[in-house]
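Q: Below, each chain spelled out in residue letters.
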Amino acid sequence: MRFVFKTHYHQDINLFKHSGQRFWYGVLAMVMLLAPLVLDDFLLGEFSYVFIYAIAGIGLMLLVGYTGMISLGHAAFLAIGAYAHAWFMAHGVPLPVSLIAAALLTGVVGALVGLPTMRMTGIYLAIATLAFAMIVEQVIAQWESVTGGYRGMAVPQPELFGWDMGSPVTFYFLCLLVLVLCLLAARNLLRAPTGRAMISIRDSEISAQSMGIDLARTKSIAFGISATFTGLAGGLFAHKLSYLAPDAFTYMISIMLLLMVVVGGLGSLHGVIFGAIFIGLLPQGIAILRDTLPDAVAQLPGLEPAIFGLILIIVLIYEPLGMYGRWRKIRQYFEEFPLYRKATHKRQKKYLRTERVK
Amino acid sequence: MEVLQLLISGISQGCVYGLIALGFVLIYKATEMVNFAQGDMMMLGAFIAFTLINTAGMSYVWGLLLTVLIMALIGVLIERILLRPMIGEPPFAVLMITIGLGFILRAVAGVIWGNEPRNIDSPFAGGVMRMGEVAIGYENIAIVCGTIVLCSLLYAFFRFSRMGVAMQAASQNQLAAYYVGIPVKRIFSIVWAMSAGIAATAGVLVAPVSLIDPLMGFIGIKAYAAAIVGGFGSLQGAMVGGLLIGIVEQFAGLYLPTGFADTSAYVILLLMLFVRPEGIFATIQRKKV
Numbered sequence: 001m002r003f004v005f006k007t008h009y010h011q012d013i014n015l016f017k018h019s020g021q022r023f024w025y026g027v028l029a030m031v032m033l034l035a036p037l038v039l040d041d042f043l044l045g046e047f048s049y050v051f052i053y054a055i056a057g058i059g060l061m062l063l064v065g066y067t068g069m070i071s072l073g074h075a076a077f078l079a080i081g082a083y084a085h086a087w088f089m090a091h092g093v094p095l096p097v098s099l100i101a102a103a104l105l106t107g108v109v110g111a112l113v114g115l116p117t118m119r120m121t122g123i124y125l126a127i128a129t130l131a132f133a134m135i136v137e138q139v140i141a142q143w144e145s146v147t148g149g150y151r152g153m154a155v156p157q158p159e160l161f162g163w164d165m166g167s168p169v170t171f172y173f174l175c176l177l178v179l180v181l182c183l184l185a186a187r188n189l190l191r192a193p194t195g196r197a198m199i200s201i202r203d204s205e206i207s208a209q210s211m212g213i214d215l216a217r218t219k220s221i222a223f224g225i226s227a228t229f230t231g232l233a234g235g236l237f238a239h240k241l242s243y244l245a246p247d248a249f250t251y252m253i254s255i256m257l258l259l260m261v262v263v264g265g266l267g268s269l270h271g272v273i274f275g276a277i278f279i280g281l282l283p284q285g286i287a288i289l290r291d292t293l294p295d296a297v298a299q300l301p302g303l304e305p306a307i308f309g310l311i312l313i314i315v316l317i318y319e320p321l322g323m324y325g326r327w328r329k330i331r332q333y334f335e336e337f338p339l340y341r342k343a344t345h346k347r348q349k350k351y352l353r354t355e356r357v358k
Numbered sequence: 359m360e361v362l363q364l365l366i367s368g369i370s371q372g373c374v375y376g377l378i379a380l381g382f383v384l385i386y387k388a389t390e391m392v393n394f395a396q397g398d399m400m401m402l403g404a405f406i407a408f409t410l411i412n413t414a415g416m417s418y419v420w421g422l423l424l425t426v427l428i429m430a431l432i433g434v435l436i437e438r439i440l441l442r443p444m445i446g447e448p449p450f451a452v453l454m455i456t457i458g459l460g461f462i463l464r465a466v467a468g469v470i471w472g473n474e475p476r477n478i479d480s481p482f483a484g485g486v487m488r489m490g491e492v493a494i495g496y497e498n499i500a501i502v503c504g505t506i507v508l509c510s511l512l513y514a515f516f517r518f519s520r521m522g523v524a525m526q527a528a529s530q531n532q533l534a535a536y537y538v539g540i541p542v543k544r545i546f547s548i549v550w551a552m553s554a555g556i557a558a559t560a561g562v563l564v565a566p567v568s569l570i571d572p573l574m575g576f577i578g579i580k581a582y583a584a585a586i587v588g589g590f591g592s593l594q595g596a597m598v599g600g601l602l603i604g605i606v607e608q609f610a611g612l613y614l615p616t617g618f619a620d621t622s623a624y625v626i627l628l629l630m631l632f633v634r635p636e637g638i639f640a641t642i643q644r645k646k647v
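So the protein lines, in turn, are chains V and W.
First residue of the first sequence? That's 1 in the working numbering, and the numbers climb one at a time after it.
First residue of the second sequence? That's 359 in the working numbering, and the numbers climb one at a time after it.
Simulated from the structure, these hints should not be mistaken for lab results.
Possibly wrong hints are sitting among the right ones.
A short, non-exhaustive set of chain W residues, derived as facing chain V with CB atoms under 8 Å [what the hints assert, rightly or not]: (1) M359; (2) V361; (3) V392; (4) L440; (5) F450; (6) L453; (7) Y582; (8) T621; (9) L627; (10) L628; (11) L631.
Simulated coverage check for chain V against chain W, where a stretch passes if three residues somewhere in it have a Cβ under 8 Å from a Cβ of chain W [unchecked claim]: (12) 103-111; (13) 153-160.
For glycine and all other residues, C-beta sits at the position ideal for the given N, C-alpha and C.
With the hints as constraints, model all of the structure from the sequences given.
A: Quick look at the structure:
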């Protein structure tokens with residue numbers, strides 16, 4: 001275990017706590033930068049997927065993991081980002097401007113959706129966001145002049161200052177760059193007053209309110225920021241799909257994003273990355289599973305959603321803090337080696353008192 | 359006449375939403391848990407009834423009763439295995455568990471019964487009652503009557519029976535109910551059994567109108583919207599919300615451009631959340647410290 005001797009207030013909000021962290025993140029950065037030298041195009045493509053999921057996951061994590069609000073409709077924000085970006089690109093807007101514009105547009109929509117949710121608690125919000133996602137899906141299907149309806153919409157080739165960004169290597173770097181910027185932004189947000197306000201709302205709305213936090217405003221901002229990140233991911237996702245259709249952004253995608261933040265570990269940005277890697281590897285894992293299982297089981301339709309459901313349930317019952325939570329426990333076990341106490345991480349049960357009068 | 363015809367089919371459709379919402383609200387009211395698999399439980403009930411009535415050749419009434427019984431058992435099992443460990447956990451986790459459960463139920467149904475739509479041999483199928491120019495299918499009448507009977511039973515249960523009152527107590531304060539000797543855990547099991555039974559009834563009643571397939575549970579989403587429109591946690595609210603959404607949907611289908619029929623339930627929900635977030639029959643007050 002490493003104890004940092006603090007000599008300055010800034011040490012509390014530094015990005016890296018000590019030189020060890022700086023070293024290991026540096027190594028990680030080098031590995032990511034050099035990866036295209038050894039990986040083939042297919043793997044690079046998979047990595048870009050993981051990066052895109054992670055960007056969307058940061059958005060959802062800020063909402064679910066840090067503000068304590070549930071969204072079952074994040075696929076809608078992904079869709080809005082993707083369609084907006086494709087539309088801007090088709091009208092000749094350059095790539096970076098188009099990406100940012102699409103993200104901001106999604107953010108505005110998100111904040112607007114967040115507005116009526118200010119007085120809502122978890123369950124209301126879950127169903128309201130679900131309803132919103134359903135409406136967006138229909139709007140995309142019906143608004144043919146912009147989205148092409150069910151016929152779909154082609155996404156223009158990405159291009160930056162005359163460079164073709166569509167090749168796996170350049171697209172890999174584009175996604176990596178955006179992901180790193182997003183992580184830094186999220187990290188920065190979380191040590192700023194707004195982020196702190198979000199976390200306090202998650203822990204207790206009542207005490208947050210008594211400390212003078214404007215609940216409605218903060219929740220709305222949280223929703224907007226979350227949607228912005230997801231919209232940005234949507235823009236990149238559009239290039240990955242290269243052809244947009246309404247059925248690419250279903251309820252299933254929303255649940256997959258939620259699965260990602262839950263499996264990764266709620267309430268940590270590390271968890272987003274772990275979750276994104278997990279979701280990125282899952283299709284491969286299922287493919288391997290199909291090969292090893294007996295044919296009768298392996299060829300079943302709907303094996304994939306069932307596995308999704310099963311993982312979700314197992315994680316929530318046995319390890320609610322997800323992969324990152326498990327990793328922290330393992331690390332702590334070795335750091336405190338003979339003295340580790342299981343009860344350190346005991347979950348506290350909270351018995352519910354209703355808010356209903358009848 | 360067109361209006362009356364639409365109204366009647368709207369009421370019948372609304373009763374289905376209402377029934378699903380009823381099971382949903384019942385669980386919420388008694389356990390503060392939200393069951394996102396309610397629609398899928400309805401689907402499972404319909405498939406079990408299909409097996410009993412069509413494949414095993416039981417009569418409609420006995421098939422229905424046995425289905426309710428089997429589903430009640432499945433409800434208890436689900437509660438016991440998945441939700442009992444979650445007592446005292448945040449509501450979010452419980453919600454996610456039931457979403458996972460929905461995925462699994464859909465996959466299981468797809469494996470056992472396949473993906474092609476099926477229908478239950480029902481004595482109500484095909485018959486039409488004519489009143490002037492309005493034609494009402496027997497199956498729609500069955501849905502409405504079934505709903506009325508079920509609602510009266512539930513009302514009486516909560517109003518007069520000891521268990522019903524105990525459930526209300528458990529729903530208001532789990533810990534306090536436990537202290538005064540109410541078997542809270544057993545009540546949770548019973549509530550899940552009842553809710554699964556209601557879902558099964560809804561599934562059997564709706565089978566002749568919308569055929570049975572593993573994805574039919576998705577109409578549950580509209581039912582959740584209905585529950586919120588009616589005022590979450592209120593049983594009569596669930597029915598009223600269901601009826602409202604059912605009726606508006608029918609009219610939107612005829613008078614508004616395509617796409618509105620499918621989304622009208624959600625539009626109503628979002629409007630409601632803007633105007634009166636506590637729903638028609640408000641049961642929520644501000645949380646006190």
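Q: Decide, hint by hint, whether the structure agrees.
A: Hint check:
Interface hint at W/M359: violated, since its Cβ lies 30 Å from the closest Cβ of chain V, which is beyond the 8 Å cut-off. Because the smallest distance between the Cβ of W/V361 and any Cβ of chain V comes to about 25 Å, over 8 Å, the interface hint for this residue is violated. Look at W/V392: its Cβ gets to within about 5 Å of chain V, closer than 8 Å, so that hint holds up. Restraint check, W/L440 versus chain V: the minimum CB separation of about 6 Å is within 8 Å; hint holds.
Taking 8 Å as the C-beta cut-off, the interface hint given for W/F450 holds, the closest approach to chain V being about 6 Å. For W/L453, the suggested interface contact is upheld, since its CB lies about 6 Å from the closest CB of chain V, less than 8 Å. Interface hint status for W/Y582: upheld, as the beta-carbon distance to the closest one in chain V is roughly 5 Å, under 8 Å. This hint holds: W/T621 has a C-beta 5 Å from the nearest C-beta of chain V, less than the 8 Å allowed.
Look at W/L627: its Cβ gets to within about 5 Å of chain V, closer than 8 Å, so that hint holds up. Look at W/L628: its Cβ gets to within about 6 Å of chain V, closer than 8 Å, so that hint holds up. About 5 Å separates the beta-carbon of W/L631 from the nearest beta-carbon of chain V, less than 8 Å, and the hint is met. For the stretch 103-111 of chain V, the assignment as covered by chain W is violated, since 0 residues bring a beta-carbon within under 8 Å of that chain's beta-carbons and 3 are needed.
Interface restraint, the stretch 153-160 of chain V with chain W: violated (0 residues with C-beta to C-beta distance below 8 Å; minimum three).
Comparing the model with each numbered hint stated earlier shows that hints 1, 2, 12 and 13 do not hold.
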